[in-house]
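What follows is each chain in one-letter form.
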Amino acid sequence: MAHHSQKQHKQLSKEHQTENPATKVNSNFRQLLLMGVSILIIILFFSVPYYHMWLSKRIIPYYKQMPHQLKTMGIEQRLIDRHGYDYLIPRFIHQQLPENGVLLLPPKQYVRRSFAPGNFRWHHIVWNYYFFGKQPLIQFRDAQPEQLIMATYAMVCQSDKVHMAIIESPGQLQQVLASYKSEKDTSTIAATD
Amino acid sequence: MYILFIILHYVIGILLLLVTGFRKINAVVLGLAFPLGLGTATAVVFLMDVMHIHLNLWSVTGGHIVVVGILYFIAQQKMKLTWSELWRIRSFAISLSEWPFLIVITALVLISAWRCIYVPVTPYDAIQGIDLLAKYAVQEGHINSSMFTDMQPYLSTQPYYAPFCALSQIIYRLGGLPFGKIWLSFMFISFVVVFYCQLRDSLHPILAGILTLTLIAIPEMYAYTFMLQTDYSNAIFVTLGIIILYQYLQEKQQANFRIACLLLGFSVWTRSETIAFILLTAVLLFFYSFKSNMKPVLKDTGLLLIPGFVAFAAWNLFYLPVVLHYSPESYFKFGFWDMTRLGILLKGIWALLSNSFYWGYILHFFIFILAINLLIFRDTRNVFLLFWIIGLIAGFLILLYHLQLGLGANINYTFRRGLFKLFPVVLFYIGTSRVIQYLSEKIQRFESAHITT
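From first to last, the protein sequence lines are chains A and B.
Going by my numbering, the first sequence opens with residue 1, and the numbers climb by one from there.
Going by my numbering, the second sequence opens with residue 1001, and the numbers climb by one from there.
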């Protein structure tokens, strides 16, 4: 790095040390003045539209959330606060799926239709695995017909709610599959899920 | 236990800096210590895994202690150091004018660190990759856990990303943190400390403060200071590597060169495709340093490439195919000319670069300073940084042109996050430009009462 200016600064400071008290007062005043300039620059910086927006929409809310966060330090609560349904539904499956049960997971488009935007995204089977380890799950997107008939439960979603429907007969399975494929975007299921 | 790991990473980093030739512990050394220490620790954990050593709290702590012992031994034997010598920390008087900046910067760093500790792992890529790998490696004691077989049909490329972040997660999850991640905050703090101190070394604190504040307040980048992704760590290693390399070019101290090599090597350990930009840096170094004697320049260029190539080979040519039995699919296609594709790319790159919502007004500021610096001051001292900036954009253009994935995704994801490497260097260029140095001298003269009488 160029040390020229730093050396110059040190030299100036050295010379300054030998000066009379009046000059020292002047120097202190200038330092105070520069501190004022620093504050002014910071105010101006955060008045610039995008930085202002960033400060008011991100940083200040982050600080405002802190007191609540300090009260909810439990790991479970933090996971729920952050992931919402994305954590609660894998937990529901983990807690409710009987030991010998095999659960059929619905396609993404079906989930999107059943939940308000942003409430639940239905990421992937890996999402469940990340939180709760290996479970007997069948993902509709990847399942072959011979795998589908192994399902003993199917996830059914409606109006932001989820439940596990028991599948006891091929007819019930067909009914579930029909509901997964129903509505106008049936054709896109195969392509996107 | 995670506090012990933090301390050990600092100790490893400091010892590494001493072994490579640094002789004083100051703010920059402390800033560089954590990224270097953590990088080294991840390499050790990786080696332990390769040697089939079960990864648990005690073995990983033992691995750290062995590294500390080895580095300490080398430092003692080769350098004949005494600890009292080392702790002559250079005085760092804080002037009145920099307090406001330091307070604001600290406030921004602290809330980022809080969110990093508090908020669980969120990004899709981390839950499907980095942290998924780490979580099961911690449970089972080796990287190649049953996760790779259990989830085989459902995995995408994420678990196979370069391993620095996943290994860091393994260490800090073993240290008892439910979400790991705290290392990311220490990386961020280190980055800010080195960036600020390097600028402050040659600039008035007000100007160093403005540039550091601008760096932290890049809206898109700030979000990644507490989100578990590979991009920010990668940007930290690349930027610090380039800054220290630039310092080497100015002062010709071998210690700086060795550290720059290591930092750039760790950047490849964070994201494999960075190897392309290490090559770019080596080419620039070659042309920049080239004088009548070719031998030392070739040696430097070669040495710069070694750590990056070792990191690349260890993961991509050894661990992925041999241990994980995974062959990365090549999405690249070469040897074609498509004007429409190039046009879309150029348009998209410009739109993203000039997007103030993501980057604030850095690009506008940069173009303004660049114009004054080149046209009025005719300053070519920091042209290495300028060529690196241009080279990075050109490099991305070439990579994205040949990458056969959706152009929109290429620009919006690959290039957007790739720009994390660009803007810190852009700000450093501004800080080292003659026009800002001139302004700095003016402020320093004003600050000293000398000229009033």
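Keep in mind the hints are simulated off the structure, nothing from the lab.
All of these numbers come straight from a predicted model, not from anything done at the bench.
Among the clues, some could well be false.
What the hints assert, rightly or not - Using 25 Å as the maximum straight-line C-alpha spacing, the simulated SDA-like pairs for lysine to any residue come out as follows:
| # | chain 1 | residue 1 | chain 2 | residue 2 |
| --- | --- | --- | --- | --- |
| 1 | A | K71 | B | D1125 |
| 2 | A | K134 | A | A116 |
| 3 | B | K1078 | B | V1066 |
| 4 | A | K108 | B | D1150 |
| 5 | A | K71 | B | D1150 |
| 6 | A | K57 | B | A1255 |
| 7 | B | K1252 | B | V1066 |
| 8 | A | K134 | A | P117 |
| 9 | A | K64 | B | T1106 |
| 10 | A | K134 | B | P1219 |
| 11 | A | K134 | B | P1123 |
| 12 | B | K1299 | B | S1185 |
| 13 | A | K57 | A | Q109 |
| 14 | A | K108 | B | I1306 |
| 15 | B | K1333 | B | K1252 |
| 16 | A | K108 | A | K57 |
| 17 | A | K64 | B | I1182 |
| 18 | A | K108 | B | D1125 |
| 19 | A | K64 | B | G1406 |
| 20 | A | K134 | B | T1106 |
| 21 | B | K1442 | A | A165 |
| 22 | B | K1252 | B | A1314 |
| 23 | B | K1291 | B | A1314 |
| 24 | A | K161 | A | K64 |
| 25 | A | K161 | A | Q77 |
| 26 | A | K57 | A | L70 |
| 27 | A | K134 | B | H1142 |
As the list claims (entries may be wrong) - To give an idea of the chain A side of the interface with chain B (calculated C-beta under 7 Å), a few residues:
| # | residue |
| --- | --- |
| 28 | W54 |
| 29 | Y63 |
| 30 | L79 |
| 31 | I80 |
| 32 | Y85 |
From the three backbone atoms N, C-alpha and C, an ideal C-beta is built for every residue, glycine too.
Worksheet item: Honestly, which of those hints from before does the structure not fit?
Response: Numbers 1, 2, 5, 6, 7, 8, 10, 12, 13, 14, 15, 16, 19, 20, 21, 22, 23, 24, 31 and 32, in rising order.
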